[in-house]
Amino acid sequence: MADAFVQALVQGTLLGGYYAIVAVGLSLMVGVVRFINLAHGDMAVLGALIVIALTQAVGLPVGLAIAVTLPVMAALGWIMHAVLFERAMRGGFLLPILVTIGLGAALQNGMFGLWGSNTRSLGADIGGLSWASWSLPAGILVGQLPVLIFACAVVVIGALHLMLRATRLGRAIKATATDPEAAELCGVDARRAQRAASAIAVSLAALAGVFLAMRGQVTPYSGPAQLIFAFEAVVIGGLGSIWGTLIGGIILGISQSLGGLISNQAALLAGHLVFLTVLMARLAQGWRAGHGGWRVALRAALTGRGITARQGQTTAWKGKRT
Amino acid sequence: MTVLSVSNLTCRHGLLTAVRDIDLSLARGEVLSIIGANGAGKTTLLRSIAGVHPVAQGRIALNGEDVTRLRAFERVRRGIAMSPEGRRLFYDLTVADNLRIASENARPGPWSTARVMDTFPQLGPLVHLPAGKLSGGQRQAVAIARALLSNPDVILLDEVSLGLSPAAVEGVYQSLATVRAAGDMAIILVEQDLNRALAFADRILCMAEGRAELQGAPSDFTRAQISDAYFGIHRQEAAHG
Numbered sequence: 001m002a003d004a005f006v007q008a009l010v011q012g013t014l015l016g017g018y019y020a021i022v023a024v025g026l027s028l029m030v031g032v033v034r035f036i037n038l039a040h041g042d043m044a045v046l047g048a049l050i051v052i053a054l055t056q057a058v059g060l061p062v063g064l065a066i067a068v069t070l071p072v073m074a075a076l077g078w079i080m081h082a083v084l085f086e087r088a089m090r091g092g093f094l095l096p097i098l099v100t101i102g103l104g105a106a107l108q109n110g111m112f113g114l115w116g117s118n119t120r121s122l123g124a125d126i127g128g129l130s131w132a133s134w135s136l137p138a139g140i141l142v143g144q145l146p147v148l149i150f151a152c153a154v155v156v157i158g159a160l161h162l163m164l165r166a167t168r169l170g171r172a173i174k175a176t177a178t179d180p181e182a183a184e185l186c187g188v189d190a191r192r193a194q195r196a197a198s199a200i201a202v203s204l205a206a207l208a209g210v211f212l213a214m215r216g217q218v219t220p221y222s223g224p225a226q227l228i229f230a231f232e233a234v235v236i237g238g239l240g241s242i243w244g245t246l247i248g249g250i251i252l253g254i255s256q257s258l259g260g261l262i263s264n265q266a267a268l269l270a271g272h273l274v275f276l277t278v279l280m281a282r283l284a285q286g287w288r289a290g291h292g293g294w295r296v297a298l299r300a301a302l303t304g305r306g307i308t309a310r311q312g313q314t315t316a317w318k319g320k321r322t
Numbered sequence: 001m002t003v004l005s006v007s008n009l010t011c012r013h014g015l016l017t018a019v020r021d022i023d024l025s026l027a028r029g030e031v032l033s034i035i036g037a038n039g040a041g042k043t044t045l046l047r048s049i050a051g052v053h054p055v056a057q058g059r060i061a062l063n064g065e066d067v068t069r070l071r072a073f074e075r076v077r078r079g080i081a082m083s084p085e086g087r088r089l090f091y092d093l094t095v096a097d098n099l100r101i102a103s104e105n106a107r108p109g110p111w112s113t114a115r116v117m118d119t120f121p122q123l124g125p126l127v128h129l130p131a132g133k134l135s136g137g138q139r140q141a142v143a144i145a146r147a148l149l150s151n152p153d154v155i156l157l158d159e160v161s162l163g164l165s166p167a168a169v170e171g172v173y174q175s176l177a178t179v180r181a182a183g184d185m186a187i188i189l190v191e192q193d194l195n196r197a198l199a200f201a202d203r204i205l206c207m208a209e210g211r212a213e214l215q216g217a218p219s220d221f222t223r224a225q226i227s228d229a230y231f232g233i234h235r236q237e238a239a240h241g
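Heads up: the sequence lines are chains U and B, in that order. For the record, in the first sequence the residue sitting at position 258 is 258 according to the working numbering, with numbers rising by one throughout. For the record, in the second sequence the residue sitting at position 81 is 81 according to the working numbering, with numbers rising by one throughout.
Extracted from the complex, chain B is given alone in its bound form:
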């Protein structure tokens, strides 16, 4: 059953069209990796689905309900959560307060603080520390935990591995594997690490210049096709005759 449906979505940054006519749909338990070069429109697409970037045109539906005009907090309460690029924790507050803010504004569901702590065991000893004192990997874990606590139907994870050490990335992906195995939500992942993005996804969406260049299962495409789409090569060739 389709949880999230995005139709004909267009978003702008001023005069620049950052996302053009994107269509996608996602079922519960499915993982979609969005890949593309810098400036391809991946983060803007995620932010517009989350409700923190205005939609110029198109429709976003969650469980059949049109949420296009809803504000971000209203979408969270209906089932769209996001771990944003840069983590965006409340750095003056403790880890416990960061999690509490998410849980006390959450809708009911299976993700409790205890379950989140089981999924991210590294957070256990850190709960009373200010979030600003954490390492990058620990911050990412808090950001994802915070998103999970809202009990989403769709979780949006932006630049999960950006700026993290290999060991931290490994730890975060192990926890994400646990989340995925629960199968109770759809996951959209924006990831610069192409190998991880392909390995973790059921489907990929490759974007270039705001457009969808490729969409399908990773096994449907050769590595060369993905690379060409990643850099928008055939579009450039068409443009130059």
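Here chain U stands alone, though its shape is the one from the complex:
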């Protein structure tokens, strides 16, 4: 039993790497662009299906197919932001939600039209990597692919962190996230910064989709489930916190793995319960501390930031945002 528990902890931690990659783009969109893209999971699946098509229909090596697809998805993210998201953002709170729900439906049906509803996978295209594992003491098996995905998550999040801290584009994105109008008054093209953030988010979603197709199978309708996992990881880790998505992903992955010790159904349920527990705890904390009503409490719950009672403004209690 103890071995199974440790095995679940290890597998859950590694699974968290995948959740972190699918979540970090969403976190960037919400934290920086202030835009909830409900088609984020569908973007991940689109990226996966493009890589599968390039690999299996065109015959490109997987690495080359990924190298071609990620810039294409980044360009798609840029264009979607310029054409769709910017206009939706001007329409108030509800319009972006409706627009991205519609976009998700259009993407799902478009992918169904192009590729049909069959399940597809990259497992066969990556050779032994999909099943190879290392044996650790006490009979613990660690899959090489999950380790690769986890390492990739750490590298991607670290690179994103460095980009936001140490580059001109990163500073422009952070300034725009804080106050788009003040950023423009500093000479920053706020729209360009937001489009760049969208491009990064969509290409990261595509990368996550590729890893999903390597780990298992995808269909045109796999996106909404990925969105839910991403959203849960983002909220557990603190909305807008780049490293928080890794923590959130790991917590979600461990919850699911431990739940899986009970039954297959309990795996997903455990993840959802942990998400709800974190959300409720933060809501309660925000409600106790703030006088800004349910909107302020909900914002505090999502961001993982406390509330200064006097002003009803959020303030960091979990350390600095990146």
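These are calculated hints, taken from the structure and not from any lab test. Please read these numbers as outputs of a predicted model, since none were measured by experiment. Backbone N, C-alpha and C define an ideal beta-carbon position, used for all residues, glycine too. Be a bit skeptical, because a hint or two may be false.
On the chain B side, residues computed to face chain U include the following (Cβ under 7 Å) [stated by the list, open to error]: (1) GLU104; (2) ASN105; (3) TYR230.
So the derived label-pair ranges between C-beta atoms look like this [said to hold, decoys possible]: (4) U:VAL72 to B:PRO54: 28 to 38 Å; (5) U:HIS161 to B:PRO125: 26 to 36 Å; (6) B:GLY86 to U:ALA132: 49 to 59 Å; (7) U:GLY91 to B:GLY163: 27 to 37 Å; (8) U:MET163 to B:PRO125: 25 to 35 Å.
Place chain B on chain U using the hints.
Here is chain B on its own, set in the frame of chain U:
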């Protein structure tokens, strides 16, 4: 030589006309103080010149170039900078990052980070602090420093002394005197403190209900004329017959 020229400028907030038919022009080195009661349209006028409030009608020209339809960041890169009301710093970022964002998007010119630090010596020990940790006076200094780093031909300063202690206001105005003495830019100042506004300006523009009530050198007007214009008294008398 005229740096900034505003003609027939009208701006609206929805159905409300906040600025009506304003004309003004400014030469390099000149200081214009815009005064008026709350709701007179001062901030809207400044925001429309900076490009963050849409212009309903009229024209804004910088060094002869029509910038009316340009976005704020494009105007910054052509030479209009603004220190907005409420400072609007990036509070999660350090003072150094706040200044760096302005300097790396600036056009070339005489204002470097080193020169800004000389002008606002109080910022020296604060550069590694998050802007959110600063006092009101320090925030105002960062906001003005940030605007200066874009090397503007025209700098717009909105509500410089609002919410600051007398000592902080004194410090900020001492630094502004240094900026003014350099003579390389025109300054438009919106200031609630009438005495400071009159003392610092070469010219004043007094606004009421969005209109220009008085415009000229402070010495051209008596205190009573300025007070009447400030509150729009003769307009009210005309309206009531």
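Verification of the hints:
Taking 7 Å as the C-beta cut-off, the interface hint given for GLU104 of chain B holds, the closest approach to chain U being about 5 Å. At its closest, the beta carbon of ASN105 of chain B sits 3 Å from a beta carbon of chain U; the interface hint therefore holds under the 7 Å criterion. At about 28 Å, the closest approach between the beta carbon of TYR230 of chain B and any beta carbon in chain U exceeds 7 Å, and the interface hint on this residue is violated. Against the hinted window of 28 to 38 Å, the Cβ-Cβ separation of VAL72 of chain U and PRO54 of chain B comes to about 36 Å, which satisfies the hint.
Between HIS161 of chain U and PRO125 of chain B, the C-beta spacing of about 27 Å keeps the proposed range 26 to 36 Å intact. Judged by the Cβ atoms, the range 49 to 59 Å given for GLY86 of chain B and ALA132 of chain U holds: they are separated by roughly 58 Å. Take GLY91 of chain U and GLY163 of chain B: their Cβ atoms lie about 34 Å apart, and the range 27 to 37 Å holds. One distance hint, 25 to 35 Å for the beta-carbon pair MET163 of chain U and PRO125 of chain B, holds here, with the actual separation near 29 Å.
Of the numbered hints given earlier, the model fails hint 3 alone.
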